[in-house]
Every structure is written in C-alpha cells, then in structure tokens.
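**Q** Below are the chains, spelled out letter by letter.
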Amino acid sequence: MPHDGHDHEGSELSPVALRVKALESLLVEKGYVDPAALDVLIETYETKVGPRNGARVVARAWSDRDFADWLRRDATAAIAALGYQGRQGEHMVSLFNTPQIHNMVVCTLCSCYPWPVLGLPPVWYKSPPYRSRAVLEPRAVLGDFGVKLPEDVEVRVWDSTAEVRYLVIPLRPAGTDGWSEERLAELVTRDSMIGTGLATAPS
Amino acid sequence: MMGFGPVAPEPDEPCFHAGWERRAFALTLAMGATGSWNIDASRHARETLPPLTYWSSSYYEIWLEGLVKLMGERGLVSADEVRAGKSIEPPRNVARVLKADMVAGVLAEGGPANRAAPAPPRFKAGDKIRTRNIHPRGHTRLPRYARDRAGEIVRVHGCHVFPDSSAHGKGDDPRWLYSVKFTARELWGHDTPDCVHIDLWESYLEAAS
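In order, the protein sequences belong to chains C and U. By the numbering used here, the letter at position 92 of the first sequence is numbered 135, and the numbering carries on one by one without gaps. By the numbering used here, the letter at position 159 of the second sequence is numbered 221, and the numbering carries on one by one without gaps.
Read the hints as simulated data drawn from the structure, not as lab findings. Warning: the hint list may mix true and false statements.
[Stated by the list, open to error] Under 10 Å between C-beta atoms, here's a sample of chain U residues computed to sit facing chain C:
| # | residue |
| --- | --- |
| 1 | G67 |
| 2 | E171 |
| 3 | W250 |
Even glycine gets a Cβ: it sits at the ideal position worked out from N, Cα and C.
Excised from the complex, chain C in its bound form (with noise of 0.2 Å):
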C-alpha cells in the first residue's frame, strides 16, 4: 500500500495535509508508532470491513427465525458468530423493524457507530445536522433521506451515549420468499441499519 499523504490533485499540500505529514514523521521518530501499523489500519477499515457485513447479519436475521431470536436476546454473540466483533461493537442490541415501530440511530454527543458490522460511519451521520435533528425532528431527517413513513408509526430514535451500539434490522421487503441469503443480503442498504433508510424492494 502506497505511503500516502498526498491529496490526488495537485503537488503542493494542503496546510492540514503538511501538518498531519509532520506529525506523522514525528510520532514515528519518536517510536511511538509503526508505519506499517498504520498502513493496516487504514486498509483495514478502508477495504475490508463495511455495512457488506452488517448486510450478512440481516439476511441471516430475515432467512433464520433461530438466529433473529438470537440477534434479539444476545445480538453481540450473535453477530460474532458470523465473525464480526471488536472495537466499537462491544455491546450490541439489535433494533428490529416492524410495520408500527421505525427504530432510527444517532449520537448526538460525538460520533458513536457499529464499526464491525456497518465500517467507519458517513460524514453526514458525525455532522451537526444529523446529530441535532435526529432526536429533535426524526420525520423531518427521514424526509431528507426520502423516507415518508405512515403517521401511525412509532419512531424511536437510539442515541449511543455509551458503548453499547445500535443495529437497526430493517424490514424484509416483500416479494423476496425463497430467496437465498447472498440475494437478501443486496437489499440491505448502509442507511436501512441506520434507520435513515429502507431496505430495496426487489426490482
């Protein structure tokens, strides 16, 4: 993986991109950190772990009435047993979906997200307006997303003040009997287990 501190545009750095290569070259005369660490961190989160895996937990949820079970009372075991686990994702709760009850996460405080099964989060999920508008006016945020829920439906909004993280499970869209799980699994968007969205009805 390349040594990148470069923006792609351009030869000259920016002011922040200069001072994070000077922190960097200090941090690493100072032995504090290794390079290659910091190489496989970045890869880590940048390739290999995503809302693909949150996904897998869905489609598992949806196809295997044992493991939604499972998901309900023990989500953190449940969702290790698929392999997914650690930081950030310590103290798993499942939030299902049912057509009264639309569960919708935030952190108002800072930034706090399910790492293991949905990656780093989205810039709008750490950003002001989805922070102070989710606990205050969560039909008006779902408007920005496109979401028009019935009148008669519950929102409840989750906000992870703690270190215990929210999956929502969304509902399995109808038309989808039989279907295998890697085929459920495409259905389950990144905002549907955030509760910004709704999984994709089959085309």
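Got chain C sorted already, so can you dock chain U onto it with the hints?
**A** What follows is chain U alone, placed relative to chain C:
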C-alpha cells in the same frame, strides 16, 4: 443547538476524502493503542476544543486537534516538536507500540466497557425515573436536552465504566447503565407517537416521585 440545515448525504461517499484523513485516522488509533489515554479521555479532549474550532472543523480536523491536545497534555510531544515535525527531546516511554501484525488482534479484542458490579442495580425495566438537573464542568454523557426529564427504564445494559470519572483519570468507577425512554412530548412538547432512547448511567437518574 439548532439551525444547522438539512442533512446532506453524499452519494457514493468514499471512506476518506483525502490522504491526510487516512493518516490522521490511523495515527489516532495507533497512538490510542499506546495506552497513554482511554477512549473517554479522547472524547473529552475533542469535545473541549474551543467551540469555534470545534464547530468550524471537519471531522478528522477535530480528531487531529484532539490528538495533538492529548499528546501535549501527557508530555509525549511538545508544541515546538509538533511545529517542526521532528523530535527535539528524547521520547517518553509508552506502554505499547502497535505493530502491523498486532492490528487484527487488537481490533478484534476492542475495549469492552463492562465491569464487575460493586452493588445491584437500583432500577429495573419499567421503572419511572427522572434525570437529574446536573451540569458538570467535566466530561459527562447526560445530554443537555435530557436533563430534568421524566423517562422510563426499558433495559438494564449492565455495569459499565463511568466516563465522567474515566475521562479524568479517576479509574473505571463502574456504574449501572440503562436504556431510558423519553417521549417526544416530554422532551420537546411534540404531539407525535415518537420517542428517544438514551443510554444513561445510574448516577444521572432519580426515582420518579
């Protein structure tokens, strides 16, 4: 706080928007892995950046500022060294240096927050509580929007490290953690069927009278 405008998702957003973001991310995790601070202290460092800096910085700019602050507080680097990008004084000893072949194991282990309970939980699911009207100067996880509000316990999560203590080097100080439900009517005066669940430690709560 309000007035931030619409949520604006970026289609096909990349994991990192610039090379420096990758490095800032990795440096933060690798320095955290030295054991020089815990996650609560790192959150507190970011959240206590000057407000104008915090609100006008991008996410990884906040991480970068927080990292420099954490290291400076602990004497790991000096301001002159950060400016120069080179070492001037001898390095401090750190408990651990994260090597490439350690990364997978360290990430898989994570940092579980649950601890042995010093006493039984005070509350159980279904109990009605009121959050305390407290405004600590230090680190806390009781959001301002949920102080002095009536709620209901929906789940007992377990006994977890208490960030209000842990962030300030006072040790784990584990306390019972609950998922507490607040109606939209109670929090905002909104007449919708909606609610907000917040994870709250026992010392933030009082039994409802």
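**Q** Which of the stated hints cannot be reconciled with the structure, identified by number in ascending sequence?
**A** none
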